[in-house]
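Novice: For the sequence shown, the positions run 1 to 173 when UniProt numbering is used.
Everything labelled a hint here was simulated from the structure, so no lab data went into it. Among the hints, a few may not be true.
List of simulated lysine to any residue pairs, SDA-like, C-alpha gap at most 20 Å [stated by the list, open to error]:
1. LYS15 / ASN98
2. LYS15 / VAL108
3. LYS15 / PRO82
4. LYS15 / ARG47
5. LYS3 / THR39
6. LYS3 / ASN98
7. LYS15 / LEU109
8. LYS15 / THR87
9. LYS15 / PHE80
10. LYS15 / VAL121
11. LYS15 / ARG83
12. LYS3 / SER25
13. LYS15 / SER25
Computed from a prediction, not measured in an experiment: that's the story for all the values here.
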Amino acid sequence: MAKKKKPVVRNLSLKLIQGDVESLSHPRRLGEHIGVDTTARVVTIDRVLLSMGIFVGRAEACHFRLGNLESPAPVMGLRFDPRFRWTLCGLGQPVTHNGEAVNAETVVLSEGDAIAAGPYVFTVVQSRTSVKAAGTGGSSNSSGKGSLDDLQKDVTDSMEDTGFILNIPGIVD
Numbered sequence: 001m002a003k004k005k006k007p008v009v010r011n012l013s014l015k016l017i018q019g020d021v022e023s024l025s026h027p028r029r030l031g032e033h034i035g036v037d038t039t040a041r042v043v044t045i046d047r048v049l050l051s052m053g054i055f056v057g058r059a060e061a062c063h064f065r066l067g068n069l070e071s072p073a074p075v076m077g078l079r080f081d082p083r084f085r086w087t088l089c090g091l092g093q094p095v096t097h098n099g100e101a102v103n104a105e106t107v108v109l110s111e112g113d114a115i116a117a118g119p120y121v122f123t124v125v126q127s128r129t130s131v132k133a134a135g136t137g138g139s140s141n142s143s144g145k146g147s148l149d150d151l152q153k154d155v156t157d158s159m160e161d162t163g164f165i166l167n168i169p170g171i172v173d
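Please build the complete structure, drawing on both the sequences and the hints.
Specialist: Dropping the structure here:
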């Protein structure tokens, strides 16, 4: 009997097709896990952060911020599902996946898929091997050798800074 191959867990890279690339940001403490290449207009989110789930929106509590959104609340969640597939969940403001509204259900992402939220349109592109390849994305306070517990603390601290603790069923286990 042939051994079943484990899925390769990859970073998620999104190319900004429409919207202001200068308005994309994230907490500095997560700079090793989210990279923004303003020249190529590509955002890369690493697999470690995606395994915990990432919230996208305008509020300071969001790990990845889109500055031109009207709503201060998170608009979508991105993560790896238990099968290590990229997934997207809409959380409020209209979010579309390939032109279809995504509201509270989780959809699996593939390369070439389009994601729209407010004035932003992204397409899923071939995964970059590292966040550094996508750009520095801001400075980071850690050395890159931090534990998963350290990252969890950074994520929790970035949410607690503004009083948000988010737990969305289907996104965060």
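Novice: Take the hints in turn and mark each one as holding or not.
Specialist: A quick look at each hint next to the structure:
The hinted pair formed by LYS15 and ASN98 meets the criterion: a straight-line CA distance of about 14 Å does not exceed 20 Å. Between the alpha carbons of LYS15 and VAL108 the distance comes to roughly 17 Å, so the proposed pair stays at or under 20 Å and holds. Straight-line distance between C-alpha atoms of LYS15 and PRO82 comes to about 25 Å, which puts the hinted pair past the 20 Å bound. Distance restraint check for LYS15 and ARG47: the Cα-Cα separation of roughly 17 Å lies within the 20 Å cut-off, and the hinted pair is therefore satisfied.
For the given pair, LYS3 sits about 42 Å from THR39 by alpha-carbon distance, which is inconsistent with the 20 Å threshold. A C-alpha spacing of about 35 Å is found between LYS3 and ASN98, which places the hinted pair above 20 Å, so the restraint is violated. For the given pair, LYS15 sits about 14 Å from LEU109 by alpha-carbon distance, which is consistent with the 20 Å threshold. Distance check on the hinted pair: LYS15 and THR87 sit about 16 Å apart at the alpha-carbon level, within 20 Å; holds.
Restraint check for LYS15 and PHE80: satisfied, since their Cα atoms lie roughly 18 Å apart, inside the 20 Å limit. Restraint check: the Cα-Cα separation between LYS15 and VAL121 comes to about 8 Å, which is no more than 20 Å; the hinted pair holds. With a CA separation close to 24 Å, the supplied pair LYS15 and ARG83 exceeds the 20 Å bound. With a C-alpha separation of about 42 Å, the suggested pair LYS3 and SER25 falls outside the 20 Å cut-off, and the hint is violated.
Proximity of LYS15 to SER25 is assessed by CA-CA distance (about 14 Å); at most 20 Å being required, the pair is judged to hold.
Of the numbered hints listed earlier, those contradicted by the structure are 3, 5, 6, 11, 12.
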